[in-house]
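Colleague: Modelling step: build the complete structure from the supplied sequences, incorporating the hints.
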Amino acid sequence: MLPATTSRADGALDAALERLGGRELDRPDTPDLPITAVRRLPAVTARFAPFPDALDERLKQALRARGVADLYTHQAQAIEHALAGRHTVVITPTASGKTLCYNAPVLDAILRDSSSRALYLFPTKALAQDQLAELQAMCETIASPRGGSEGPGPEIGAFTYDGDTPQDARRTIRARAHLVLSNPDMVHSGILPHHPRWAKLFENLRYVIIDELHAYRGVFGSHLCNVLRRLRRVCRHYGSNPVFLCSSATIANPRELAERLTEQPFELVDRSGAPRGEKFFVFVNPPVVNHQLGIRRSYLGEARRVASEFLKRNLQLIVFAQSRLATEILTTYLKDDFEATPGAPERIRGYRGGYLPLRRREIEKGLRDGLVRAVVSTNALELGIDIGALDVSVMAGYPGTIAATWQRAGRAGRRSGRSAAVLVASSAPLDQFVVRNPSYFFDASPERALIDPDNLHILVDHIKCATFELPFTPDEQFGRHDVHEILGVLSEQGLVHRADEQAPWTWTNESYPADAVSLRSISSDNFVVVDTTRETRVIGETDFTSGPSTLHPKAIYIVEGTLYQVERLDFDGRKAYVREIDCDYYTTAISYTKVTEIDLFAGSSSAGAELARPPLASKALRSHGEVHVVSRVVGFKKIKFYTNENVGSGDLDLPEQQMHTTSYWVTVPPEVMAQLPFAADDRRDGVVGLAFALKQVAQLLLMCDAHDIGISIDSGDQEIAAPGTIKPVKIFVYDNYPGGIGFSAPLYGMHDELLAATRKLIADCQCENGCPGCVGPVGDTGPFAKVVSLRILNLMLGPAEGIQAIVDTGEAAF
Amino acid sequence: MSTLADRIRGIVKSPAPCASLPSLCDPPAPPASPADARALPVLERALDGEWRDGCFVVEHRRPAASRHGKEAVGQVAARLDQTAADAALLTHGKPAQPPFLFLDLETTGLSGGAGTLAFLVGCGWFDGDGSFVTRQFLLTRFQDERALLERVAAELAAAGALVSFNGKSFDAPLLETRFLFHRLDWIGGRLPHVDVLHPARRFWKTPAGSPEEHAVAQPFRAASGGCSLQTLERQIVGARRSGDIPGFQIPARYFQFVRSGDAAPLRTILEHNRLDLLTLAALTARLLHLTRTGPDGVRDAREALALGHVYASAGLDDRARGAYRRAIDRCRSPRGAYDLLRIDALRRLAYACRRGRLFADAAECWLELLEMRGCPPFIEREATAALAIHNEHRRRDLGAAKEYALRTLEAGEAPAWKAAAQHRIARLNRKLTRAQESRSLQFEA
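Quick mapping for you: the protein sequence lines, in order, are chains A and B. With the first letter of the first sequence counted as 1, position 652 gets the number 652 in my numbering; the numbers rise by one all the way through. With the first letter of the second sequence counted as 1, position 374 gets the number 374 in my numbering; the numbers rise by one all the way through.
Just so you know, not all the hints are guaranteed correct.
[To be verified] Below, computed lysine-lysine pairings styled on DSS-like, alpha-carbon distance capped at 30 angstroms:
1. A:K200 x B:K94
2. A:K727 x A:K640
3. B:K205 x B:K70
4. B:K168 x A:K200
5. A:K638 x A:K554
6. B:K168 x B:K94
[To be verified] Not everything, but these chain B residues come out facing chain A in the computed CB check (under 7 angstroms):
7. L4
8. F142
9. A158
10. G247
No lab work stands behind these hints: they were computed from the structure. Just so it is clear, CB atoms sit at the ideal spot from N, CA and C, and this is done for glycine as well.
Modeller: Structure, rendered in structure tokens:
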């Protein structure tokens with residue numbers, strides 16, 4: 001039973017949900033129906049707390065003048081921690097007033113002592129711009145004379161400082177900014193190496209604000225940790241010790257992430273006091289149209305249908321698409337449906353990176369004013385850009401992580417009144433797993449954000465930068481490894497020097513080391529893409545690792561919808577020469593990867609795996625360690641747009657790429673392989689299918705992107721295998737970055753969960769013999785991939801209830 | 001299983017090594033470097049210097065009688081003494097009084113930032129007897145930098161003005177960064193600063209692409225582009241160096257000393273720095289002499305033009321016009337022939353005349369520019385626009401004004417100019433119509 005409707009908008013929302021079939025509450029989850037789950041998140045009333053006594057009176061007045069009479073409990077809590085000098089991380093939903101949690105203590109410090117300074121870090125320049133407007137408005141309120149006795153308040157300077165800041169403005173900003181809004185990249189290459197010019201900031205740095213903390217995971221997070229190590233060294237040099245205030249979307253380990261990034265103890269504020277209206281969350285799975293191939297109806301078409309139901313009823317909504325292309329397609333669809341007269345104000349807008357700032361501001365304002373009724377966006381609007389609160393959030397495709405899904409869902413929802421979030425799953429394995437296992441999303445804790453700041457590649461680069469900034473004293477530490485041993489190796493290269501054991505290490509090279517380090521990748525080595533269609537110009541770049549697979553000769557390279565074909569790859573010169581082309585296909589590379597174990601950190605050794613073990617005792621052998629990965633692109637396929645047909649292929653002869661990294665691997669014991677009643681080829685297909693599914697699930701559990709991890713199978717020399725000499729098969733899931741980025745140890749820890757979830761993904765899939773949603777398309781992995789992979793998992797894990805039936809069906813087919 | 005050090009070696013020797021010039025450095029010395037450079041009397045002997053308050057100082061004196069290029073050091077001193085009062089001409093009119101301190105740094109790199117050090121701070125001045133004294137502060141180890149900067153600050157405190165070559169863009173900001181690094185007060189910010197590079201470039205820069213420039217092409221101090229101190233030393237001062245170290249090798253040579261403790265290779269750098277200081281002093285004296293003597297002292301049209309510019313930017317329009325006129329007279333090309341120098345001089349003279357309200361003179365210049373064969377379009381636009389204004393407002397010849405405005409439109413695409421010209425034509429048309437109407441009214445009356 002739904003509560004009585006309270007307003008017209010609520011009524012419209014109910015009607016739309018009813019039409020979609022998502023209004024029925026207390027229904028069980030139904031993985032096989034188009035609506036797989038409906039959840040109602042009850043309304044929450046606000047919990048208020050008074051302003052902390054310690055807060056400066058002028059600040060309280062300014063806040064009241066701006067309509068803030070009371071604080072929400074989480075704001076009061078966070079502010080109290082900050083005022084007491086405790087590092088604090090706040091996790092609260094979208095639109096719960098988190099900015100006040102850090103702006104209040106910062107402004108308080110400046111009002112008390114005008115020499116105080118604060119540094120704000122945002123993951124993108126756009127976010128800094130957005131926050132600047134809010135901060136400046138606040139500063140103006142403080143500076144404006146308040147009626148009567150008192151004169152004008154103090155002037156507080158807030159400025160952004162990033163790559164877009166004009167050179168001639170930089171000196172002024174260094175001198176006048178109380179609040180510097182920047183990003184980690186700028187701090188790394190523009191501020192820290194020039195710290196003497198910023199002496200005033202570093203001497204008086206009271207607070208460092210890290211917004212959108214959850215964005216700093218993987219490589220970017222590992223770099224940021226090192227940037228913060230450098231920042232704290234510089235602060236020590238100038239005698240300051242700033243307090244870190246962080247805000248994060250919901251992730252499993254906000255405190256751990258904050259503590260790892262800053263290497264400081266943190267207070268966690270995770271109970272929001274902000275009110276929230278009732279919200280419905282609906283999972284939609286487009287119906288299957290071809291059972292054999294497991295093909296579902298287009299999720300974009302389904303998203304369009306869902307969005308239309310809300311738009312028809314004049315509800316304001318945001319639609320999230322997974323790519324720029326999908327954004328443009330959906331925008332076109334919805335415009336066709338709802339924009340009647342040309343020339344009338346545009347009610348449907350697209351929004352993505354690549355639009356000019358002015359246009360973006362206009363769309364954001366249109367959303368706040370209600371003139372824009374629907375916006376179709378990439379993840380560009382996922383982070384905290386202010387667009388007001390909307391009625392509905394429709395996600396076309398699973399955003400990839402639980403955290404991002406909640407962020408996007410949070411874009412809909414007012415403080416009172418009803419809202420809805422609808423997730424429309426695509427046929428990608430991750431989407432299918434989530435939409436068919438709603439409790440995984442609703443009940444499990446969200447992902448853990450992982451970083452590995454002591455990855456040697458990253459660490460060494462930052463030690464160079466740190467030495468450039470300040471000499472290393474003999475007793476100084478930097479990270480987990482022995483910094484002096486590392487500096488010793490750098491001194492062999494002539495980069496640093498110390499006169500003796502008691503002397504500091506100094507930078508003894510002409511270069512500016514920060515220029516050679518990009519925070520968004522591990523190695524600065526990359527390929528540039530040169531367009532030769534008309535005059536020669538550089539149109540893009542690709543990191544070294546993915547260069548051969550995306551820029552091989554005849555590859556199709558896509559920039560903003562324009563297609564280019566690679567004519568020549570200059571591997572040693574790191575250049576790909578491309579020319580515009582008009583074609584209806586794209587290419588995917590076929591690569592061959594071989595992983596060799598170098599060092600075992602934990603688990604069964606390779607020798608041990610071949611020893612006879614008691615049957616049915618945990619046969620799934622898990623390991624993790626250091627590996628050597630050799631990969632080579634050997635060919636490519638041409639795939640037709642829209643239909644995804646394979647329309648041709650070619651062979652390639654490219655140099656090998658090698659790297660040392662860390663890997664998790666699962667060993668399928670020979671006795672398991674021996675028990676499979678299938679031919680050798682089919683057994684191999686089963687392993688390939690298992691690996692395909694394993695990767696998808698690993699990606700899900702690790703909160704990482706598809707290219708962050710790689711997969712490789714080592715099946716020994718099965719060709720010569722006679723009965724009784726079957727070798728163990730190993731499936732490696734390796735960190736796709738030199739030196740590893742910290743995924744293998746957590747995967748090792750989640751081994752059981754990983755295998756169980758993989759089995760569930762494959763077993764629950766409705767396709768007959770394999771599809772892109774489980775073990776890969778049947779044409780790629782062979783007709784028995786699905787059944788064999790399930791058999792392998794069952795043998796390793798022992799039978800699970802509800803699984804056997806499907807396996808039996810599979811065997812019947814065999 | 002590899003050790004940490006081995007793994008790091010694998011990483012740092014990866015295909016993208018740091019930008020360094022291994023071919024120019026000798027192989028790195030064995031790590032057994034001397035414990036403390038201070039303990040080595042070798043340093044004193046090798047560089048002929050001494051320790052003063054924790055800072056290694058090398059002091060030198062070039063006697064007045066010794067020659068530097070065409071002149072004796074004493075002559076330079078005397079000339080500088082006579083003309084010092086004009087130094088303000090080179091600082092856009094800001095006061096700059098003697099005693100002058102000539103300043104030149106040798107640094108560990110060009111990129112700036114906290115990791116770039118001034119390992120040698122060279123100071124120079126003329127003594128009462130006409131000899132040139134240099135005092136060079138050498139950083140032998142990082143821990144002594146603070147002491148060095150304190151000594152340098154004391155040196156600066158005694159000066160009336162700083163004189164440098166490109167120091168406003170390079171040496172001063174770099175030193176300021178070092179002072180800020182150590183939380184010391186940067187006294188240089190309050191001192192008048194004469195940067196000789198900019199006037200020198202006007203007077204003597206070799207046109208790009210000339211053989212002379214290729215001969216001296218230097219990757220070091222690209223900012224001076226074709227007008228390096230060494231080029232000017234040869235061409236203007238007339239001095240020759242032998243055994244000098246090219247600027248771009250200096251950081252590597254210094255690092256070699258830091259690692260090996262062997263100071264001998266630094267000798268060349270110290271000598272290089274001393275010569276730079278003396279040449280800087282000679283150039284300053286030459287510049288001030290030119291500005292004092294005025295157009296009569298110039299060697300060619302180019303110097304006259306530069307002189308005009310120096311006067312103009314110091315606000316001396318009267319003298320500037322004289323210099324520009326001299327520049328035009330000294331141009332070897334006949335009137336009407338294409339000559340970039342003549343174009344520049346005429347144009348600057350036109351603006352200087354307008355500032356002095358000598359409108360007819362300005363118009364003369366613009367007319368001459370328009371007569372020139374191959375006059376660049378932007379000059380043509382400026383000239384026709386100026387003549388349109390002149391004819392509309394001063395000569396009140398609306399027909400001629402309109403003709404010039406139409407020519408502005410023809411002189412190529414430039415939106416801002418185009419809009420202004422169209423606006424002017426529209427106004428002139430209105431005025432012309434009105435004038436016609438009133439004429440016909442008079443006629444009817």
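Colleague: All hints are to be evaluated individually against the structure, with a verdict given for each.
Modeller: Here is how each hint holds up against the structure:
no., hint, in the structure
1, A:K200 x B:K94, "holds (29 angstroms)"
2, A:K727 x A:K640, "violated (39 angstroms)"
3, B:K205 x B:K70, "holds (20 angstroms)"
4, B:K168 x A:K200, "holds (22 angstroms)"
5, A:K638 x A:K554, "holds (10 angstroms)"
6, B:K168 x B:K94, "holds (14 angstroms)"
7, L4, "holds (6 angstroms)"
8, F142, "holds (5 angstroms)"
9, A158, "violated (25 angstroms)"
10, G247, "violated (12 angstroms)"
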